[in-house]
Every structure is written in C-alpha cells, then in structure tokens.
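Spelled out, the chains give:
There are 2 protein chains.
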Amino acid sequence: MQETFVFVLSLTAIFIFAKIFGEVAVRCGQSSVIGELFAGIIIGPSVLGIVNGLPVLTEISELGAIILLFEVGLSTNMKEFFKAGGWAIAVAIVGVILPYFLGYFTFLHFGFSSSQAIFAGAVLTATSVGITARVFSDLNTLETKEAKIVLGAAVIDDVIGLAILAVVSKLAEGSGVSFSTVANVTLTAVVFLVTAVGLGLLITPSIFKFIDKTKQQHLAFIVGISFCFTISALSIKAGLAPIVGAFAAGLVLSNLKQSKEIKNDLKPIYAFFVPVFFVLMGTNVEIGVFNPLIAENRHILLLAGVLFAVAFIGKAAAGFVVFQKGINKLLVGISMVPRGEVGLIFASIGLQNKVFVKEDYSALVAVIMLTTFVTPIILKILLSQKQKI
Amino acid sequence: MQETFVFVLSLTAIFIFAKIFGEVAVRCGQSSVIGELFAGIIIGPSVLGIVNGLPVLTEISELGAIILLFEVGLSTNMKEFFKAGGWAIAVAIVGVILPYFLGYFTFLHFGFSSSQAIFAGAVLTATSVGITARVFSDLNTLETKEAKIVLGAAVIDDVIGLAILAVVSKLAEGSGVSFSTVANVTLTAVVFLVTAVGLGLLITPSIFKFIDKTKQQHLAFIVGISFCFTISALSIKAGLAPIVGAFAAGLVLSNLKQSKEIKNDLKPIYAFFVPVFFVLMGTNVEIGVFNPLIAENRHILLLAGVLFAVAFIGKAAAGFVVFQKGINKLLVGISMVPRGEVGLIFASIGLQNKVFVKEDYSALVAVIMLTTFVTPIILKILLSQKQKI
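Which chain is which? The protein sequence lines are H and E, in order.
Heads up: the first sequence runs through residues 1 to 389, numbered per this note's numbering.
Heads up: the second sequence runs through residues 1 to 389, numbered per this note's numbering.
What you were told as hints is all true, and nothing was included just to trick you.
Chain copies aren't distinguished; within one or between two, either way the pair holds.
Calculated cross-link-like contacts (lysine-lysine; reagent style DSSO-like; alpha-carbon spacing at most 30 Å): (1) 213 / 380; (2) 213 / 263; (3) 145 / 325; (4) 237 / 267; (5) 145 / 263; (6) 209 / 79; (7) 213 / 267; (8) 257 / 267; (9) 257 / 148; (10) 79 / 329; (11) 267 / 209; (12) 329 / 145; (13) 148 / 325; (14) 267 / 148; (15) 237 / 354; (16) 79 / 263.
FYI, nobody ran anything at the bench for these hints, they're computed from the structure.
With the sequences and hints as input, model every part of the structure.
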C-alpha cells in the first residue's frame, strides 16, 4: 500500500505541475515540452524533492517515450519524406553533420572521452519538427516554400537521427569504438529498420482492411498499439532502443486509412504517459550545476554556453545550402534549431547507459531547452518581417 | 532493457488476448469482463504462462482498479441514489445481508477461519450494475419499474459494498475481529467517505466553474483524474483501500456539468488500464483446481458449487421484498445476481492480503464469473416472457 501511495501521489504531482507549467509555457508562446521539463526540475530532487526515482515511474516514462516516438512516426508523412526534394535532403544532411562534429569536438575540447563526445554529437543532430511546425502554422505560413523544405528536412532528420541513435547507444553499452563495431551496428540498425518497415508495409494493409470490415470500435487502435509494442520489443531483441521500433511502427501505420483514428485514440494515452516522460527527464536535471557562484560549475556553464552556440550555428548554417532565389535561407536554418523531444531521448539514453553523469546531462538538457526556447521567438520576428515585405 | 522487453511484450499479450476473448464474450451476449478474465486464465501461469507476476504490471493493474472505480463513481447518478425509493433501498439491504451471511456460514462450514469467512461474505455482497443495465438496455426495458428499482438498488449496493470493503480489508491486515476494531474501522470509513464526499461537493463546483471559463481543452479531465488520485492516496493514508477513495472521487464529480467530458476523456485510459486489471485477476486463477479427476479438488469444486447456489439465491430472494403489484419480483432479484468487477476487486484484495490462498481465490472468481455469466441468459428469457404478456 505504501508503494501505491507514493506512486499515486507522484503521478498526481506530475500531472498537476506538468499541466500548470505546460500551460504557462504555451501562453508565453513556447512549447509545452519546455514547461513540462521545467515542472520536472521543480518537483525533482534538486528543488522540491516531491518525485524521486520510483521504479514504476521509470517504466511508465519509458512507455511514454515509446508512445511519443510512435506518435512521431504516425505523424510522419512518408510521401513528404520521399517528395522532400533535393534541397530538403541537403539541408537535413548538412544539419546533421555540422552539429554532430561541432558537438563532438566541443566535448573533446572540454576533456571528455571520445565515446562521450560521440554521444553528445548525436544529441545535437535531432530536429524537433513539432515546434517549428506550430510556429509556421500559428503564423499561417505552412504553405511557404521555406516551410516545405524545413518540414521535409525535419522528417529526414528524424530517420537519420534514429539510425545514429541505434549506433551510438550500442556503442554506449561498452563495445568500444572501432570501425567494425560501428559497421556492425549500422548494418543491424539498417537491416532491422528496412525489414520492419518493409514487412510492415506488406502485411499491415490487409490486416487493417480486415479490421475496417469488422466495424469494431477502437480495434484499429488496439491492434496499432500492439503492433507498436511488438516492434519495440523486437527492436530490443535486435539490440536497438525500443523507441527505434516504435518509430518504425508509427511510420508503417502512417499511410493507412485508419491512421487518423489510431492517432485520435492515442491522444489521451499520450496525454497520460508522455508528460511523465518529460517531467522525469526534468527531475534528472541538477539545477545546482548552473549556480555561477560555485567555481567548479563555471566549467559546466561554459560547456553549456559553447554547446548552445554550436547547436544553434550548426543548424542555422545548414539553411544556407539552399541555393535558390527567393528563399529566406536564415529562416530555413533557424527553423531547424529546436532539438525538442528527440534530442532529449538521446540525452536520457546517455544518462541511463552512464555515458553521461548528471552534470553533463544537465548541460545537454539546458542546451536542448534553450534551442527550443529561442527558436519560436526568432522565427516570429523573421516571419513577421517577411510578411511585411 | 530486458525488463522493458518483458514488460512491453506482456502488455501486447494482455491487449491482444483481452480484445479477442472480450469480443468473443460480447458476441455470445456476455460481458467483455468474462472474456478478459478468461484471457487472463489462458495467458497466466496455469495454462500458457506468457504473463507472470511482473511488479510493474501489478502497479498498472492497481491503477486499473482505481480508474475502474473512478468510472463507476462517475457513472453513479447521485440523484437516482437519493430518489431510489423505499423498494430499491429494501432490495439493496436484503441483497447485501442475505448473501453476506450465506457466504459467511458456507465458508465456516467448509472449515475456513472466521476472518476468511468474513471476507468471503463481503465478496458476495456486490452487485455489478453494468451487466444488468446492458441487458435491460439491449431489450429496451430500461424504463420499466423493475429496471428502476434494480438500478437504484445496485447503486446503493456499491456504496454499502465499499463501506464493507473498508472494514473487511482493515480486518484482513491482521487486527483480528473484535467489536472495537469493527466499530473503529467502520467509523474511520464512514468519516472518511462523508468528509471526502462532503468537502468534495463543497469545493469542486467552484474549481470546475473556473475550469469551464478557461476554455482549456482536457483541463477538466486532468484536474478530475488528479482529484481521483489525490483522494485515493488520502484513503490509503486513512487505512482504507485506494479504490474507496477513487469511488468517492467519482461520486463527487458525477454531478458536475463536465462529468461527461471527464468520462469521455477517461475512456481510452480506461481501455488501456482496466483490461490489465481483469486479465491479471485471471492470471491468478489456478485452473487445475477445477480438475474433478484429482480427489483433493472435489472439496474446492463443492465449495464453488455451494457458493454459487448461495450467491444466486441470496440476491434472487432479495427481489421478493418488493410488495408491490405488477412487479416481477423474480426479475428484480435475478437482475441483482451478477457480481462483476466489484466482487472481483474484493476477491483480489483478499488474495493480496493473504486472507485467501490461490485455491479459495480461484473458487471465488469462478463463482463471480458464473453469476455474471448466467444472469444475462436468464434475464433475456424472463424479459421476453414479460414482453409477450
């Protein structure tokens, strides 16, 4: 009973704080993710200490990450992915390579090991399409050329990012960095993703056509989420993170007639589990690390500052590969800056696998929060200037 | 990762089997609960052994019980409760007392201890209004006098049942049965329920009026479920089962303008968590106990048989307290027979608190399943006869 007591009360605290801070963030024109992370920092051990590491909460938050990536996959327009066009592909690739190496060398420069640097680089590669898409849609600019390039590039980034994650998290398990391990893991990841997506695309349409005929309410959702869990479990067996499978499952189902129905039924489940994930990510942040009055912290503060600059410039520069007239290159680049949820998942896997200690993790989360925080502000200025012209 | 693997796969198995067996049950005119319990028996250790006692699943199933009772509370029409009228109250009270003592003496007769008998009696007191209401509504007879008496009585049963549960589960913790403990616990339970419901009814309307003004989507739901979790946690602190608090919370919110919205948002959460509860209840059943070829089992089979007779007669007889012309007394009585989910929760708390061993628990679950199984069949016959007249 005592455990249930703590569990139920922790859940309540998570929901209430997530909702309040999420709402404040949204009212300030920010993503609710920022608010939820902040809620986690506040109720976590470094401030109020209401929520501590209860095993069942960790499991629920892992389920949250799986559901989050399933949703990202479901929301991915595969046609957009294939039609993204040359510029989107170019922006995506440069936007992965630049931040990766900038992050890698920054970490090395600050005296971290090469496996830590590899992981930190990976954290910086992700792009959170959600935040950018919301700003574009808020300002009625989703139909502009820039928006289309950015959204296409962000989708490609997700796929590249997950492949990188597969490789990097395998390395983090301690196999050490050698050409053969990298090649091996890359091959596993690619074979797994291609097989899962390929077989899925072959098999699921007939299953879901059958489901459609049964006219059974919510059956599509139950089968969809079971499919997601199965592929996630298989991806664990293949030595990859479960979220890789969850994303692949979402991608496979995104093309179905019932994908909207599945997404709709997923919403309350998402609203229940995903904030637990973000809040728990927040509880792992050690806020004391950012106190500039303590001399040892200045190193971490400097690291966070340099990483932020590097994370910002790396993506912003990627926009300038678009050699096309009439395109606002800065707008494209800056739209790619927010790292959001995918970057967070990378950082949390690094913490779980003990690649990072809490200080490094806190610095990375701060950088992710900052990129997610400043982008909407800058974008709104750029877009309103554009509209004036 | 290994734990996540088992967790995610167990969830998948639970969902798929629950859906398949639940659907088969519904097609056979039965409650999906029967199917879900059966699914649990099949995938549990006594048959396939796919799902074993994983701690995180137990926590999720406890959350399922909390959400289930919250929903029962939300669906309780308090006005109906107060307007139930004399006959409904009489049926409810007799329908609690008769099965309680019949169950109690049956258990004593079979050589069980008095605390086991007290618990077994309590298991038999509950009435599952859901199953009966569905049969009435399937046959378009929800507006008959009988239906109104039955639904009123079932609601009163829920409230009485939870008070009994509060007392009985406290006794099960080993305080022993004495007049002073019973009086003490009854007082705690009554004070807690009255305070929680009273204060809740005072405070919540203004909170929810404010929420209504914010026009924030899903806010009512988030606040509602947080309220449910808070009251559940408080009821644990008061030494009661969390479901007592969950039911009280549902009751408090059932009168609000937003109760429909809350129930609507709760549906997918319910669809996710509650089958886990029923399936896990099923996994605790030891099917081997019912093999008549093994001599030692005959005792349990006989117990289950007698208990079923007693459970059936106890409720059916309660219908005959209605001294009113033109009322089908047998119909009223038999409508009260299904024990359904509330009875199951009682039995599971008995198993958790080690009042019951797996054999007794299995017999009780079998009896609950049987009462839930036969009632729709008999009701349909009775109602079609009535309609012919």
